[in-house]
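*Asks:* Put together the whole structure using the sequences plus the hints.
This is what each chain is made of:
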Amino acid sequence: MRPARPAVRFHPSRTVDFVVVGSGAAGGIIAKELATAGLTVVVLEQGPRVEPPQFEHDEIKTLFQSALQNNPAGFTFRRSASETAKPGQIQLLYHRLVGGGSVMFTANYWRFREIDFIERSRLGAISGTGLEDWPITYRDLEPYYTKAEWELGVSGEPGPFDPPRTRPYPLPPLPVKSSGVLFERGARALGLHPQPAPLAILSQPFNGRPACQHCGYCLGFGCEFRAKSSTLYTVIPMAEATGRCEVRPNSYVRRIEVDRKGRVTGATYFDENKKEQFQRARAVALCCNGSETPRLLLLSASSRFPNGLANSSGVVGKYLMFNGYSSSSGVFERPLNEFKSVTATRVLYDFYESDPKRGFYGGGAPDARSFAYPTIFALGGLPHDGPSWGAGYKRILRDYYTRTMNVDGHSTSLPLETNTISLDPDMKDAWGLPAMRVTYKDHPDDLAMMRFLQDRAIEILEAAGARRTWRQPVQETNLAAHLLGTCRMGDDPRTSVVDRYHRAHDVRNLFICDGSSLVTGGRGQPTATIQALAYRAGEHIAAFARRGEI
Amino acid sequence: MLTPDQAADLDAIAAQIFPTDDTPGAREARVVTFLDRSLATWAAQQREPLLHGLDELNGEVERRWPGTQRFANLAPERQLELLRAQEQTPFFQQMRFATLVGMFSLPAYGGNADKAGWRVIGFEDRYAWQPPFGDYDAEAARGR
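These protein sequences, in sequence, are chains S and U. Using our numbering, read the first sequence as starting at 130 and increasing by one per residue. Using our numbering, read the second sequence as starting at 6 and increasing by one per residue.
Calculated from the structure, these hints are not laboratory results. All of these numbers come straight from a predicted model, not from anything done at the bench. C-beta: ideal position from N, C-alpha, C; glycine also. Hints may be right or wrong, so weigh each one.
Stated by the list, open to error - Here are some chain S residues the structure puts well away from chain U; computed CB gaps all over 10 Å:
1. P554
2. M556
3. D635
Said to hold, decoys possible - Okay, the calculated beta carbon distance ranges per label pair:
4. S:G253 x U:Q50: 51 to 57 Å
5. U:Q74 x S:P554: 48 to 54 Å
6. S:P339 x U:Q50: 37 to 43 Å
*Replies:* Pasting the structure below:
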C-alpha cells in the first residue's frame with residue numbers, strides 16, 4: 130500500500146493545534162495519535178524526506194558519507210567539566226531524516242522489564258548516581274508496548290524471563306541464522322536460556338507491507354522493502370491520511386517561543402533555504418532525541434527561563450546515558466554467511482538483573498550478531514593481532530569472511546548528573562547556533578558490566594566450537610547510538626523535567642517524549658520503550674486537549 | 006586526474022596491499038580507477054594529502070635505491086620491504102583504507118571491477134535471500 134501523499138499544507142502563520150519537533154521513533158507516533166484524535170499537527174523535521182525506493186546498498190554513501198545521517202552540525206566532546214570540549218573524538222549516531230533513527234536502527238525490540246522501573250527501591254540508592262524509580266511502572270506501560278508491537282509490526286516469541294504480556298507477538302520470529310544456531314548451542318552447553326531476538330522487522334506480510342527479504346543491509350541502512358518497522362512508512366502516512374497532519378522536512382527548529390504568560394506559542398525554524406520562519410501552535414511536543422531535545426530547550430532560554438526552557442529544576446541535559454556495549458567474534462569451520470538477513474536472531478536474558486554478588490551494579494544481555502558488510506569487515510572485522518594488509522591478510526580474510534560471527538553485549542549505564550548535553554561556549558554549528566557539547570564518562574560499574582558480558586560472550590563462542598575467538602577491547606564509550614535520560618520524567622518538579630504524562634512541569638502546553646524521558650536507560654535497545662511511551666503520551670495529550678486542559 | 010606515473014605508483018601500492026594470488030587482487034579489481042575517480046569527486050579533500058604522501062614515498066625510494074625514481078620501478082620484494090617500513094605512516098594507512106574500499110565497494114565507484122572483490126571473499130549482492138543462510142542453520146533445519 131503506497132503511503133498517501135500529504136494532502137494538507139499549513140501556512141506557518143496559521144495556528145495549528147500542535148507542532149511536533151522530530152519525526153523519528155517517538156515523533157511519528159505522537160503526530161499520528163494527535164492527528165487521529167482530531168488535532169491539527171505540523172511535524173518539523175530537521176532532515177530531508179527519503180523514501181524507500183531511494184535506499185541503497187551502498188556502504189560508501191550510507192556509512193562513510195552519512196547519507197542518512199545528514200549531519201552538517203558539529204559537536205564537541207569532553208570526559209568531564211574540568212576539561213575543554215573539543216570537536217570529534219566521539220561519534221553520536223543519529224539520523225536526520227523523516228523517520229529518524231527508526232529508519233536505520235537494528236530494530237531490536239526489547240521491552241523493559243518490571244525491574245527497570247523500580248531498581249532504586251529494590252537495590253537502594255547508589256551513591257554518586259541519579260538512580261531513581263520511574264513515576265510509572267511496567268504495568269502502566271504494558272498496554273502501549275502491546276499497541277506498538279501490533280500497530281508497527283514486531284516479530285518474536287516469548288522467552289523464559291519475559292515480563293507479563295496481555296497479547297502475544299503479532300508475528301512469529303524471523304528465521305534463525307547460523308550465528309543464532311551456534312549461539313544457542315554454546316549457550317545451552319553453559320546452562321543458559323537463549324531465545325529468539327524480538328525485532329521490529331516483519332517475518333510475514335503485515336498491514337500492506339511485505340516480509341523481510343533477508344537482503345542483509347539492515348543496521349545502518351534504510352529498508353527498501355518497508356519490512357523494518359520504521360515510522361516513515363507506518364504511523365507517519367497514517368497521520369498524513371487524516372488530512373490534519375503536515376510533515377515539513379528540511380526544517381531545523383532553532384527555538385521554541387514563549388509568551389509573557391510562560392506558554393509556548395510555536396517554533397522558530399530555518400527552512401530549506403536557511404531562512405527563518407515561525408510556525409504558530411497552541412502547544413508543542415518535542416521528540417528530537419535525547420541529545421537534540423535538551424539542546425533545543427537550552428537554546429530556547431529567555432528572561433523567563435534563563436537556564437533554558439522548562440528548566441527550573443536545572444536537570445535539562447543531565448543524566449545522559451548511552452547504554453553499555455561490547456563486541457566479540459568467533460570464526461568457525463564452515464560458512465555462516467552472516468552477510469545475509471537481519472542483524473540479530475538470538476538473545477539471552479540470564480544476566481538481565483543486577484546481581485550484588487558480582488560486586489558492581491549492572492545488567493544486560495548478549496546476542497548473536499553479524500556486522501558483515503564487505504568493506505566494513507575488510508577494514509576492521511579480523512583479529513587485530515594478525516596482518517592488516519598483504520598476502521597473509523588476504524588469506525585470512527578469504528577464510529574468515531563467511532565463517533565469522535559476533536556476540537555483542539548490551540548493558541546498563543548509570544544515570545550521572547555529570548554526564549550531560551550542554552551548549553558549547555565557542556563552537557557553532559552549520560546554522561551559526563551554539564554547537565552541542567557532550568560531557569560523558571562511563572561509571573566504573575558500567576565498564577565492569579561491559580567486561581562481564583564480553584567474558585560471557587567469549588565463553589558462549591568457545592562452547593559453540595569456535596576455532597578462534599577475539600575481542601574488541603572494552604574502553605570508554607566513543608560511539609553512541611542510544612541517547613537517553615536528559616529530560617527525565619518524575620513527579621517532583623525540583624528533580625525532573627516532565628511529569629508522568631510527559632508534560633513539562635514548568636510549561637503547561639509543552640510536552641517532551643523521546644529518549645530524553647527515560648529515568649533509567651534499560652539494558653540497551655531502548656526503542657521499544659521510547660515508542661510505548663510515545664503511544665501513551667499521545668493518548669493522554671490528546672485527552673488533555675479534548676478536555677481543554679492544555 | 007592522476008598522471009600516468011601517479012597511477013602506476015598507486016596501482017603498485019594497492020597491488021601489494023591486496024595482492025593477486027590464484028584469485029584477483031587490487032590490480033584486477035581496478036582499484037586505481039576507483040582512486041582516480043574518488044579523488045576527483047567525493048574524496049577530493051584527500052587528494053592533496055595522498056599525493057603529497059606519494060611524493061614523500063618516492064623520495065624515500067630514491068634515497069634508498071638511487072636512480073630508481075619511483076615506487077612502480079622497484080622490484081616487488083623491494084616494494085614490500087619499503088611498505089613494511091612505512092606501515093605506520095598516515096600515508097600508508099590512508100592507502101590501506103582506500104585500497105580496501107576500492108576492492109569491496111559498489112562497482113559503480115570504479116573499483117571492485119566485475120564484482121571481483123566480492124567473489125574473492127564469498128560475498129554476493131543478491132538483494133533477497135531465503136533460508137537456509139549458512140551451513141549451521143541448514144544443518145539445524147535438517148535435524149528438526
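*Asks:* Now tell me, hint by hint, if it's right for this structure.
*Replies:* Hint check results:
1. A cut-off of 10 Å between C-beta atoms confirms that P554 of chain S is not in contact with chain U; the least separation is 28 Å.
2. With a least CB separation of 20 Å from chain U, M556 of chain S remains clear of the 10 Å interface cut-off, as annotated.
3. Annotated as non-interface, D635 of chain S keeps its C-beta farther than 10 Å from every C-beta of chain U; the closest such distance is 45 Å.
4. A beta carbon spacing of about 53 Å between G253 of chain S and Q50 of chain U agrees with the range 51 to 57 Å that was offered as a hint.
5. With their beta carbons about 52 Å apart, Q74 of chain U and P554 of chain S fall inside the hinted range of 48 to 54 Å.
6. The hinted window of 37 to 43 Å between P339 of chain S and Q50 of chain U holds, with their beta carbons roughly 40 Å apart.
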